[in-house]
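Engineer: Go by the hints and put chains B and C onto chain A.
Chains as they are written, first to last, in my numbering: chain A, 1 to 261; chain B, 1001 to 1261; chain C, 2001 to 2261.
Just to be clear, a hint being listed does not mean it is correct.
Claimed, not checked - Taking lysine to aspartate or glutamate pairs in the EDC-like style, the calculated list, with each CA pair at most 20 Å apart, reads: (1) K115/A - D161/A; (2) K105/A - D64/A; (3) K2115/C - E2085/C; (4) K1105/B - E123/A; (5) K1105/B - D1064/B; (6) K105/A - E2123/C.
By construction, these hints were calculated from the structure, which means they are not laboratory data.
Below, each chain spelled out in residue letters.
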Amino acid sequence: MEQPLVTLTTDFGRDSSYVGQMKGVLLSGCPGASIHDLSHSIRPQHVREAAIFLADTTPWFSADTLHVAVVDPGVGTSRRIVYVECDRQRYLAPDNGLLSRVLLKAPPTRVISLKNRKYWRSEVSNTFHGRDIFASVAAHLCLGLDPTGLGPEVDDLQTLDWAIPTTTDQQIVGEVICVDSFGNLLTNITVDQLVVRGPESERVVECQGRRITGVCNNYGNRTVGELIALFDSHLRLEIAVVNGNAAQQLDAREGTTVIVY
Amino acid sequence: MEQPLVTLTTDFGRDSSYVGQMKGVLLSGCPGASIHDLSHSIRPQHVREAAIFLADTTPWFSADTLHVAVVDPGVGTSRRIVYVECDRQRYLAPDNGLLSRVLLKAPPTRVISLKNRKYWRSEVSNTFHGRDIFASVAAHLCLGLDPTGLGPEVDDLQTLDWAIPTTTDQQIVGEVICVDSFGNLLTNITVDQLVVRGPESERVVECQGRRITGVCNNYGNRTVGELIALFDSHLRLEIAVVNGNAAQQLDAREGTTVIVY
Amino acid sequence: MEQPLVTLTTDFGRDSSYVGQMKGVLLSGCPGASIHDLSHSIRPQHVREAAIFLADTTPWFSADTLHVAVVDPGVGTSRRIVYVECDRQRYLAPDNGLLSRVLLKAPPTRVISLKNRKYWRSEVSNTFHGRDIFASVAAHLCLGLDPTGLGPEVDDLQTLDWAIPTTTDQQIVGEVICVDSFGNLLTNITVDQLVVRGPESERVVECQGRRITGVCNNYGNRTVGELIALFDSHLRLEIAVVNGNAAQQLDAREGTTVIVY
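Excised from the complex, chain A in its bound form (with noise of 0.2 Å):
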């Protein structure tokens, strides 16, 4: 049998106990699962950037992989956690607006509100959720449970809101929603938004008060410390500098508008 695939994003920590210990009991409870560790550096309680990270990396996986995905302010509290099918993945995650983002691209097929304690730790603490009923439920899943005994289905889930560029003749006005490892700013306008205006090649990106002008390619072809505009692996439009940090250069962060003429 092949073994099944769990991935885990969470806010954790990379090397804190929390992740260690949900992956004991992953696989005391199923020890043929095969973990994967997408993310334990979300930044803690942010939800938004979790939702990002989430519709950017688990597309790639294969058909059902299973996406447990703990960023969970609310853990305690009444709070629900769901068990989502979208777009062939499948995900464990607390309903926060955690997969606002997965969603956006394709309607969920089957939403189930885990209701049911049988397949979650015996003793389930109130501050550790991840451990106690995540974990556990999850090794029920890789083991071939049938999703329908987790609980009842459910079709509310909840959302967050995702700023959209708003567009006029003269101009489209996005922001920067993310900013990478290498201090990229990622934006959320995109490439078919932008190309309508004409060749890329003529566009003027405006951000913090500095012009670029022209979208290009890639990072090679331009010097050291160019300040460039392009478009990221999920055809986003792009700020970077070139082997530098544009984040420091432009003190631009989440949120920064961006301008495209």
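Structural biologist: Frame of chain A; chains B and C shown alone:
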């Protein structure tokens, strides 16, 4: 056959070449081993931090998991390396107190001093026993080697002193034993010590001159920025700031006094 | 069948979405691959650091392990991507000198330029060949693809210059080539260069104006805070502070001169 489970805990730094070299030797010896990083971010040479980490994390793994722990300021001296069976788990560690908190829970059922060089790499460096002894021996154990072959049984493991809260009629005086990645303060005061004094909602917790009234059940029911006391997932008293960092806010660290009235 | 072993070394940052996307593509193509992260914390675009890292780490793996290395400032330009067999290991890397230190040990036994788009993802972005070429080709190799199919054999790999110590009757002048996670200074002076001058206990090592008499065998036999010289696990001269950080204490870095008398 099931894949033998091995975990790694070191102070090498997550992305150091040393971790990769250990994995190379382990997988060369036992290609089917399933290796899981618990932490490589133990503060350098900080045996006490690693001891708490191991006691918190390893009990969640299935029986007979092999936990390889290398926080080893005495590498290359005559300090012993030991194989220990305790509470259904198996360990390889330097004999420097690293397992002393695991051993608080249960006495070891077997302790062997690694004297038999047959299972070490043929060349052993003076500075990297993690690769040349630990990883090599771990590979042999994963292949099914009877630990009896590793060396003689011994019974005088090194221990560390662990502060025990002092209890009077008026108060419990304990201390912070660990600061987690969120800045939460974990203490050596446990739920059973505290609740014998009456309802937890009426207890007063004092740390760095700040007083908190009542021990609550989780983070989610309080307001952002509030200083709270609660029980962590190991039923230790914990001091936290909702969506914030208690260690920074209170200027608290390992050893800081915590009093419960 | 044994699981094919793949290692990953990049400058993406450990928890970046880019690493997760590579794993997704690799596991989609070859679900049975056993993937091991070596490092994702190479300093951005720092080909030289990655070259040392790879040469230190990959030889410890079993024969035919596939090492995928993506530190690739030229992504999207006409720089080649190569498949290399060397010293029983297999590599996928950009042809930018990344393998030049591995190749110091042994000449390559096969070098192929990845020209055949058949084994790439059907859509290839300009900025993320790690996912669209490297991970896709790695999956095919894990499934048993004969590397001959990847493209034409070539023989003109890019190299980097590596400083070689200069030796006179009076002294050896070398330099720091890497600072590890403990702040230890690894140099390009090797044990065999040093011992021909007489007993290592009588050598004097100078760095940043500080002199150390004698090269010792390990960290553990000296006092805390002492500045020492020793041989690292690759038999290179190393400068360290016992339980401390030599790089900070000496204000030393890559390229800092080290002299042995």
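Engineer: Each hint should be assessed against the structure and marked as holding or not.
Structural biologist: Tested hints:
1. K115/A - D161/A: Status violated; Cα separation ~27 Å.
2. K105/A - D64/A: holds (17 Å)
3. K2115/C - E2085/C: Satisfied, since the Cα-Cα distance of roughly 17 Å is no more than 20 Å.
4. K1105/B - E123/A: holds (19 Å)
5. K1105/B - D1064/B: holds (17 Å)
6. K105/A - E2123/C: Between K105/A and E2123/C the Cα gap is close to 19 Å, so the pair holds against 20 Å.
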